[in-house]
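For chain A, the structure is supplied; the task is to place chain B on it using the hints.
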Amino acid sequence: MSIQPDHHDIARRRAAARRTAAIVALAAVAVYVLFWVGGVLSR
Amino acid sequence: MAYANATHDAGHHDDHDHKPQGFVNRWFYATNHKDIGTMYLVFSLIMFFIGGAMAMVIRAELFQPGLQLVHPEVFNQMTTMHALVMIFGAVMPAFVGLANWMVPLMVGAPDMALPRMNNWSFWILPAAFTLLLLPLVLFFFGVGGGGPAGGWTLYPPLSIQGGDSVAFTIFAIHMMGISSIMGAINVIATILNMRAPGMDLLKMPIFVWSWLITAFLLIAVMPVLAGAVTMLLTDKFFGTSFFNAVGGGDPVMFQHIFWFFGHPEVYIMILPAFGVISEIIPTFARKPLFGYQAMVYAIASIAFLSFIVWAHHMFTVGMPLGGEIFFMYATMLIAIPTGIKVFNWVFTMWEGSLSFETPMLFAIGFVIMFTIGGFSGLMLAIVPADFQYHDTYFVVAHFHYVLVTGAIFSIMAATYFWLPKWTGRHYNEKLGKIHFWLSTIFVNLLFFPQHFLGLAGMPRRIPDYNVVFADFNLWSSIGGFGFGLTQILFAWILYDVCVRKRGIKATDQVWEGAHGLEWTVASPAPYHSFTTPPVIEDRMLAHGDVTH
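So the protein sequences, as listed, match chains A and B. Those letters in the first sequence? Residues 8 to 50, per my numbering, in order. Those letters in the second sequence? Residues 20 to 567, per my numbering, in order.
I should point out that these hints are in silico values taken from the structure, not numbers from a laboratory. Given the structure is predicted, the values throughout are model-derived calculations rather than measurements. There's no promise every hint is true.
Covered stretches of chain A (chain B as the covering partner; in silico rule of three or more C-beta atoms under 8 angstroms from a C-beta of chain B) [unchecked claim]: (1) 17 to 25; (2) 39 to 49.
Simulated DEER-style distance windows between Cβ atoms [said to hold, decoys possible]: (3) 29/A with 305/B: 35 to 45 angstroms; (4) 323/B with 18/A: 47 to 57 angstroms; (5) 18/A with 305/B: 39 to 49 angstroms; (6) 497/B with 22/A: 53 to 63 angstroms.
We treat Cβ as the ideally placed atom computed from N, Cα and C, and that holds for glycine.
This is chain B alone, in the form it adopts within the complex:
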């Protein structure tokens, strides 16, 4: 075990616990960054299970060829809603929750810069997802035509051929966008204005850097999505024809606008993951992060490149050869800063005094399996190859390696890493390790065969398939059920610590190799922290001296 000894200086705790009294005051009117962070994380976990249930329906239907369980129309709703729920309901709110909890603690701020707006950012989300899920829920009770079924990319004309759910979905997306923009404004204002004296930009933890850059991405692209879906709305209900060829519009223009949002969106979901991994690996390698400044510049480079690669999602719609070549090479360029990051994580571990607690296992799993997703992304960037891969299960395998073994593994790693700081107790390490190994085995059984299915030509978003694809689909579904069931163990581990209050009491430093301001406050973190700005010394910071 690498738990820190309880010798840490506890003399500076400013634990003035003035929690609001009553459930409504505490949670509905919450302005405390820790409470709002907790609500984001709980919301994200609920959405993770709702989106996961939809994935189970998809994998059950694909367990064998033929139509078994659900009508194809319901299947299309499942694929569409699974993506929307997981992207906007599970992954993004989880990272916003982590930012809420950790950014003020990491920069020595008493709270987020705009606490009331923070409350709005969160409470818009449950309303948005009620709207998004309502048509589907009503459909199960025999009311209406069901949820959106045109794919999460909402390509017209298909997406606007749905019923009233189109309006529900578009309004829900507007609300999610407003929530994300307000969250991003808060992160930027907090990091730029609320840092404790001495916390220079290049001394900030990488997680904070990754969120600062992510917040700018959100500001730049969420309004683009809002613009695109507003145009969809007016096309469907107000007689415009932005994307309607009959009225002189262009459906391909939607794809360009959507992916100008959509590709940076992918990085919105992975840059904070890079930040999380860059915190965990140095802690369990007991070494400073290798190449701190290179990591910061790599994240910034990836963010910049994310704006000039969008058309690689639509090579097959037809575009000038020069455009295809530009987007192909621009996409391949992303491998350079990403490679810098992967090698820096490996060099951080090199000759380190490694220990393998659950957060570190998830972090190492991330480095290996995210890299698999990165390599299949490089394959997809090659224009002539993409003509074969496009819209096949190869794409599904690629983005699930990036988003499940990438983003979601990093969220799990972060949860295990910071849970003792949030609750004051260590989770059950044995169960945590079992959770990691079962997740890793099943997730690979789930997604690796999908590469072969895609290469053999199985298309995405179909409820039935040729019998030649039967074996790999069977294995993939078994992996899916296994991965889904394993997450019940994750919920139990969290319940055990958070509700049953079981587990070894954590020290302030929590982990033996942990450095940074967040580890100087008590465990659990007091309700109000850093009400007096901390005295910052370089030795307290993970990156106090960037020349090391």
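For reference, chain A alone in the conformation it holds in the complex:
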């Protein structure tokens, strides 16, 4: 199967990538906070 490039918009892809990055970064922050809260609650 051959797929022709649709002259897709790199800027549009980068915008989508920024949204993905923001979600993943939030997840990382959430893990950090979760372990802090866990550490405090376990005291």
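Just chain B now, with coordinates in the frame of chain A:
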């Protein structure tokens, strides 16, 4: 020789070489994935030699019983810093460097998704390692009490009994963590959003898959390490007692949190290695990878299992029998997906048209010696046996087989494999083979006797030992010196190609059996590639048709 002929289609090269002018612009403000990849790889090589020098000090002290060369306190700093430098400075940045260079080329993207953040990810690292190494360097000039000496695992209360180096180390670890998290975000965003049209997820090269899964591991566990070391920091400097029993805290809780990070960390260092080996073996066997989808699911399974096995590092601290049994069996389960991978590599070679260039030699060495490390890992998973093995040289032998003949051999294999694509020139094949054979002989002389030392009861992290351990330590040290010296040859081979510009000119395809988008661009890879998305046809991809 299995170099590809120069008949490859070169008509589609989009080599618009607009490199930034000037050293500062090119490197300090770098946003190009190839430049940043190169900086990661150079940084990793420097750290490999710094960490290696520390290993030489360790093996020199252990050459014979008694205290010879360094004070025990310095010895403890060497074991601690050797691990931190090799894990966070050598192995992880090397794989991030490989990802930077190869992932965009493999998925047909013009660059990483977030190039400026990519610059930050890298440039945080030299600052972090300056902080980490500073107390040790100052100590050699008679200033301060030296670097961290409580082991890379940073177990309290020992780890926070050090001096100011504790603060340096913790801050450095925070910075490394931020760097890794930003790198992982970039990899995920690139792979999920920047693939060329037609590059479906299940057509991606295994190296890309392995990095996608590794990036999720990094996101899940680096914040856990950050949380743990922040708690250490507040325990030492702000009067909290998360891990201080006197204040109602629990030092064992640190071990649980640390290893919840630490075990997935082991897979962060080995999953990209699996990806590298899965690229190299099909190329030199001239066959598609056997069981592509099984490989992807095996990597994902290993990643999942890595989250539910952490307590096998701490069987001897005391835990309920049910917990010991759970963690023992969960750990043994990892052998299943790992076995799938090893057998798939063997079946890829089976009836292939094999040739044995240096990358393939390192890849085959990886399969055999990583499996030795895997088997000793199974032995360590058995709870009653682990009570004997725990904290002995058997553990040291195990993880060095996994990390040196596993991770580092795969990084060397990857370097030889992709160097012609990066530089446009083939390395000296004869010297490469000598490098492989000397490394293999010496690395086994270095680490295999350590199994016997551990079984006989020699503990880890000691500068002196009973004379009954003398012979195996002598052999191990000779192996260590030999392995260390051999790496100077590796540096020379790289210098010869990268700086002296020696070597046969490489074609675009480089290797006769190479398939995939990265082999369709020129050698050396142009500064900007795939600025127009490539037209993807299944025959161009190593895994275009997963039914084969």
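Do the hints match the structure? See the list:
Proximity of the region 17 to 25 of chain A to chain B, defined as three or more residues with a beta carbon under 8 angstroms from a beta carbon of that chain, is established by the 6 residues found. Three residues within the 8 angstroms Cβ limit are the bar, and the region 39 to 49 of chain A against chain B gives 5, so the coverage statement holds. Range check, residue 29/A to residue 305/B: about 44 angstroms between beta-carbon atoms, so the 35 to 45 angstroms window is met. Taken as a hint, the range 47 to 57 angstroms is violated for the pair residue 323/B and residue 18/A, whose Cβ atoms sit roughly 36 angstroms apart.
Take residue 18/A and residue 305/B: their Cβ atoms lie about 41 angstroms apart, and the range 39 to 49 angstroms holds. The beta-carbon spacing between residue 497/B and residue 22/A, approximately 58 angstroms, falls within the hinted interval of 53 to 63 angstroms.
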